[in-house]
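Visitor: Just so you know, the protein sequences line up as chains A and B, in that order. First residue of the first sequence: 30, per our numbering; consecutive thereafter. First residue of the second sequence: 8, per our numbering; consecutive thereafter.
Everything labelled a hint here was simulated from the structure, so no lab data went into it. For glycine and all other residues, C-beta sits at the position ideal for the given N, C-alpha and C. There could be a bad hint or two in this list.
Unchecked claim - Pairwise CB distance ranges (calculated):
{"id": "1", "chain 1": "B", "residue 1": "D451", "chain 2": "A", "residue 2": "F136", "range": "54 to 62 Å"}
{"id": "2", "chain 1": "A", "residue 1": "T211", "chain 2": "B", "residue 2": "N352", "range": "32 to 40 Å"}
{"id": "3", "chain 1": "B", "residue 1": "F107", "chain 2": "A", "residue 2": "V392", "range": "22 to 30 Å"}
{"id": "4", "chain 1": "A", "residue 1": "N131", "chain 2": "B", "residue 2": "N352", "range": "22 to 30 Å"}
{"id": "5", "chain 1": "A", "residue 1": "C112", "chain 2": "B", "residue 2": "L45", "range": "47 to 55 Å"}
Unchecked claim - Computed cross-link-like contacts, DSSO-like style, restricted to lysine-lysine with a CA-CA straight-line distance of at most 27 Å:
{"id": "6", "chain 1": "B", "residue 1": "K267", "chain 2": "B", "residue 2": "K198"}
{"id": "7", "chain 1": "A", "residue 1": "K241", "chain 2": "B", "residue 2": "K96"}
{"id": "8", "chain 1": "A", "residue 1": "K53", "chain 2": "B", "residue 2": "K96"}
{"id": "9", "chain 1": "B", "residue 1": "K15", "chain 2": "A", "residue 2": "K455"}
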Amino acid sequence: MVFSSLLFIFAFLAPQLLIYFLLKDPKQRNIVLLVFSLVFYAWGGPVYLLLLVIECFTSWFTAREIERTEFPKLKKGWLILECVVMIGLIFIFKYTGFFAWNLQKIFGWPKVIPEIVLPIGISFYTFQLLSYVVDVYRGEVEAQPRFWKVLLYASLFHQCIAGPIVRYKTVADEIDHREITTRDIAEGVRRFSVGLAKKAILANGCATIADKLAPLSAEQMSSVHGAGLWLGMFAYMLQIYLDFSAYSDMAIGMGRMVGFHYLENFDYPYTAGTVQDFWRRWHISLSTFFRDYIYIPLGGNRKGKGRTYINMLVVWFLTGLWHGASWNYILWGLYYFVFLSFERLFFGDVLKRSTLTKALGHVYTLFVVFFGWVLFRYTDSKMLFEVLKGMFGIGHSFGSPEAGSMLINNIFFLILAVVAVLPVGKKLREMLRKETWKNQQLILYNALNAIDAVLPALLMVLSVLALVGNSYNPFLYFQF
Amino acid sequence: MEQETKKKQKKRTYFFRTLCIMLFSAVLALGFVLGCILFPLRPTESQLENRKLTQFPKFTMESFLSGDFTSGISTWFADTFPMREGLLKAEMNLQNLYGFRKDSISAIADGDDVPDIDDILASMDEEETVPPETSETPETLPTETAAETGTEPVTETEESTTEETQTEPESVNGEEMYRMNPQEAGAVNVKDLVGYCVYGFNRAAADQYAIHVGKVAELLKGKARVFELLIPNNSAIMLDDETKAAWKLLDEKKVIQYFKAMTYQQSKEVKYVEIYDTLAAHASEYLYFKTDHHWTMLGAYYAYVCYCEQAGITPHALSDYTVVDSGPFLGSYYKTNGYAQLQDNPDTCIGYEPVSTNDFSFYDRDAGTMRNGKLVRNMSEFDIALKYQGFIYGDTAYSEAHNPNLSDGSCCIVVKESFGNCFAPFLIDHYETLIVIDYRYNTDSLVELAWKYDSPDIIFCNNLEAISDLYVMEQLGDNCR
């Protein structure tokens with residue numbers, strides 16, 4: 030089940046909220062959340078629910094044992110067991126095919142590459158559970174005595190299958206003690222509606238342009254043109270942010286409606302002035318996971334320059350691999366390693382010195398990210414090179430009547446999409462509210478409040494219109 | 008005082024937050040009632056998209072465990088959501104605001120190169136190598152088959168550019184209407200609020216077509232006259248040269264010459280009905296719809312006149328027919344290709360009732376029997392998107408009409424896809440029996456059918472785009488035996 034589906038909105042979320050708010054007892058409310066979450070997860074194939082339960086049980090058990098034992102070596106032993114089970118399972122389900130394919134290419138063995146279906150959300154909930162056990166080991170959070178609450182934490186449908194990667198310590202207290210205010214619910218409603226509109230209207234609209242002009246099938250590559258590829262990849266750049274951040278918006282919004290306060294996962298990444306800045310703003314929960322659980326334990330930047338770069342290499346190799354079992358994702362991760370290293374070595378500070386260098390920094394970052402998405406989009410290396418060649422008019426003509434027409438036909442839409450990836454709306458809203466309040470222009474202030482009140486319902490209606498003719502539209506990050 | 012203002016504002020803020028929650032809840036509640044309670048309101052087919060909507064999935068333990076069952080429920084829930092048609096139209100209107108949409112170029116022509124027919128003719132052993140440039144038909148008998156000349160069809164496969172789906176009968180004002188979906192256009196561009204087909208030549212399909220037509224002509228040599236009538240696309244006839252060049256459109260006249268040459272190679276019995284130049288001469292008239300991939304009945308009329316010349320028949324004047332005005336029409340470019348801007352430039356669907364009779368009967372798949380109907384119907388009361396179904400009830404596998412004024416045993420068999428629907432009615436005035444076969448649905452032998460009549464005329468009447476698909480050509484091949 031995906032958030033951007035009519036079934037989820039009307040047949041799942043609506044009754045879930047109704048039942049949730051009819052009950053007053055916190056425990057009963059948690060049980061409602063758990064039951065709905067398990068149904069939500071099982072919807073994509075009930076068999077994999079078992080995997081989720083096994084991972085939760087292992088994590089619950091090892092965390093409890095880590096806390097219970099007084100012997101450091103035993104604690105470490107339980108932690109190693111947790112890591113082996115979690116990483117082993119994710120390896121089996123996500124990377125077996127990839128490694129077998131590589132072995133076959135190199136050694137001609139195995140003869141048959143196993144086809145294992147990737148369980149939905151395995152990368153997200155596995156990382157959540159790992160972070161929980163490691164945090165218990167580090168003494169940063171207490172182990173949860175109740176198994177079903179660990180299951181609730183990992184399976185919570187808000188974030189179980191496409192993030193954000195919520196740390197247990199973020200919600201540990203709120204699992205048992207949540208206070209829900211009218212403000213929380215209203216903010217949650219607003220956030221959810223904005224996210225749904227971002228996905229259903231903007232991201233799906235951008236996908237139409239991207240798929241048309243920067244096609245994924247080899248058959249269509251013969252008809253691509255340079256200008257079309259640039260516009261198509263630009264649309265894809267917008268799509269991937271709108272799509273993924275929309276999911277986080279909806280997750281954060283739904284959490285807020287029932288009293289959970291998840292951390293932000295995006296901070297307008299396309300406004301970044303350096304590549305390093307970009308990664309502070311993009312998929313924050315993943316970046317911080319790798320920082321806290323890989324980079325820093327490896328020594329971070331505390332063990333000399335050489336070691337720092339090795340640590341960075343490891344992190345970016347893993348970041349690429351986490352995104353998919355394919356060489357293009359690894360290449361994508363290493364591509365960022367190169368630019369981050371260059372920034373650290375040569376020009377990172379230069380880009381922050383003056384207004385001009387800051388402006389150049391924005392342009393440079395956008396170009397790096399843009400070509401990064403080209404690497405990301407094409408898993409097939411032949412297609413990738415064909416696209417890169419085509420973008421510079423090699424092997425394909427550059428001019429494209431389709432691209433020109435597509436641009437004119439969607440010009441207002443694309444402007445709206447660009448505005449949506451920038452903090453224009455947010456800043457305008459904050460400024461107007463602040464100014465009208467400061468100057469005691471209460472009529473205007475309340476007019477803004479009225480817009481805030483009506484907008485979510487309006488966005489919901491518009492999103493439903495967009496979803497009716499679009500029966501299947503999975504989020505891009507589901508595949509990870 | 009300030010304290011009091013703050014207190015008042017706090018109350019107002021609380022009010023707006025509550026309003027926000029209530030409005031959101033109202034949308035959720037409405038959607039819940041519509042989606043989960045009012046099951047009878049769920050549509051089963053979409054007129055706008057001309058397709059049957061997804062059915063509720065069948066439960067099996069296997070489909071449940073694999074997730075197919077629940078995935079099917081998700082698709083069914085969205086696909087059959089109550090008021091779907093209205094919501095879809097509203098969404099199309101919204102998308103119309105995305106930019107300037109008077110012109111839309113979604114594709115540049117992409118297909119096989121059209122071989123030079125001189126090369127083909129040179130490969131023939133015959134001395135007489137000139138295919139009928141005009142309407143003349145060579146008198147020589149066939150002496151070779153495709154296999155003998157070494158001109159087996161190209162076997163490369165090509166992605167289908169046409170789709171065909173079928174829908175159930177529907178009822179409007181108590182009158183049941185039988186319809187199947189027309190052939191849907193592949194790539195379409197819009198210029199000045201008119202949709203145009205972007206045709207890509209498929210050589211393998213063209214070769215197959217020629218083989219099938221030639222085979223029928225050979226099998227019925229001396230028994231029936233076989234005519235080939237190829238209908239160019241609207242872009243070839245209606246567009247200016249500059250646009251054709253910009254869209255890299257093929258010269259369809261050259262394509263037709265290729266078909267002619269290939270058919271001639273298969274059988275010299277086939278008589279070719281040339282309509283390209285006639286249509287081009289009347290290009291300023293309303294020959295093709297603006298929002299649909301078909302031609303109008305006026306376009307079909309000019310083709311009928313060309314056919315009559317070739318067949319030695321005196322055609323009726325246009326003024327001899329009773330005009331049937333079905334009113335505004337929004338066709339496949341609007342509803343299937345999704346060019347919402349075309350609603351600002353709707354078509355008018357005009358039909359011409361045959362002089363002798365307007366009655367005919369057709370095979371109703373669902374009932375499994377023949378049913379009576381009108382060759383040309385007034386579709387005013389039907390949905391704006393369905394007007395083309397007014398010609399011989401859309402695409403039915405088999406239909407026949409009998410001229411009450413003739414008893415000479417004459418018979419005409421039209422083998423067609425949906426373009427033939429508004430062409431066939433003109434012919435009833437000149438034959439005692441008119442039979443129309445849509446080869447995409449018919450499975451019976453065309454040759455056996457022809458043998459039931461004395462000297463029938465068989466007309467293969469098809470649009471170039473519609474026969475550029477190998478699967479469709481397989482279907483034609485199933486009939487041509």
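Visitor: Hint by hint, say whether it matches the structure.
Guide: Against the structure, the hints come out as follows:
For B:D451 and A:F136, the hinted distance range of 54 to 62 Å is satisfied, since their beta carbons lie about 58 Å from each other. The hinted window of 32 to 40 Å between A:T211 and B:N352 is violated, with their beta carbons roughly 50 Å apart. As the Cβ distance of B:F107 to A:V392 is approximately 28 Å, the hint placing it in 22 to 30 Å holds. At about 56 Å, the beta-carbon gap between A:N131 and B:N352 misses the expected band of 22 to 30 Å.
For the hinted restraint 47 to 55 Å between A:C112 and B:L45, the CB-CB distance of approximately 51 Å keeps it satisfied. Between B:K267 and B:K198 the CA atoms are separated by roughly 31 Å; this puts the pair beyond 27 Å, and the hint is violated. The suggested pairing of A:K241 with B:K96 holds, with an alpha-carbon distance near 22 Å, which does not exceed 27 Å. Between A:K53 and B:K96 the CA atoms are separated by roughly 43 Å; this puts the pair beyond 27 Å, and the hint is violated.
A C-alpha spacing of about 26 Å is found between B:K15 and A:K455, which places the hinted pair at or below 27 Å, so the restraint holds.
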